[in-house]
Amino acid sequence: MQATTTTAIEDGKRTMPICFTPDQLKVVEEYAKKKGMLNASQAIEELLASN
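Plus 1432 on top of the position in the sequence shown (first one is 1) and you've got this note's numbering.
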């Protein structure tokens, strides 16, 4: 079963659903927690902005 998170792109003008396995989502959530972020969406936004 896949977990889905939705993240805002380009200052909230668009959203994009991203599918993860539960294990992948756990890794993203752990990354967010280590960086002091509130949720996985913030981590995804940061990672997308860095590319």
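Just so you know, the hints here were simulated from the structure itself, not pulled from any lab data. Warning: the hint list may mix true and false statements.
Claimed, not checked - Here are the simulated lysine to aspartate or glutamate pairs, DMTMM-like style, with alpha carbons at most 25 Å apart:
#1 Lys1465 / Asp1455
#2 Lys1466 / Glu1478
#3 Lys1465 / Glu1477
#4 Lys1467 / Asp1455
#5 Lys1466 / Asp1455
#6 Lys1466 / Glu1477
#7 Lys1458 / Glu1477
#8 Lys1467 / Glu1477
#9 Lys1458 / Glu1478
#10 Lys1467 / Glu1478
#11 Lys1465 / Glu1478
Owing to the predicted nature of the structure, the values given are computational and were not obtained by experimental measurement.
Checked hints:
Distance hint between Lys1465 and Asp1455 is fulfilled; the C-alpha atoms sit about 15 Å from each other, no more than 25 Å. Pair hint Lys1466 plus Glu1478 holds up; C-alpha atoms about 13 Å apart against a cutoff of 25 Å. The hinted pair formed by Lys1465 and Glu1477 meets the criterion: a straight-line CA distance of about 14 Å does not exceed 25 Å. Simply put, Lys1467 and Asp1455 have alpha-carbon atoms about 19 Å apart, close enough for the 25 Å limit, and the pair holds.
As the CA atoms of Lys1466 and Asp1455 are separated by approximately 17 Å, the hinted pair is consistent with the 25 Å bound. Restraint check for Lys1466 and Glu1477: satisfied, since their Cα atoms lie roughly 15 Å apart, inside the 25 Å limit. About 16 Å separates the Cα atoms of Lys1458 and Glu1477, which keeps this hinted pair within 25 Å; it holds. Distance hint between Lys1467 and Glu1477 is fulfilled; the C-alpha atoms sit about 13 Å from each other, no more than 25 Å.
For the given pair, Lys1458 sits about 17 Å from Glu1478 by alpha-carbon distance, which is consistent with the 25 Å threshold. Using a Cα cut-off of 25 Å, the hinted pair Lys1467 and Glu1478 holds, with the two alpha carbons roughly 10 Å apart. Annotation: proposed proximity of Lys1465 to Glu1478 holds, straight-line Cα distance about 13 Å (limit 25 Å).
Hint compliance for this structure: every hint is met.
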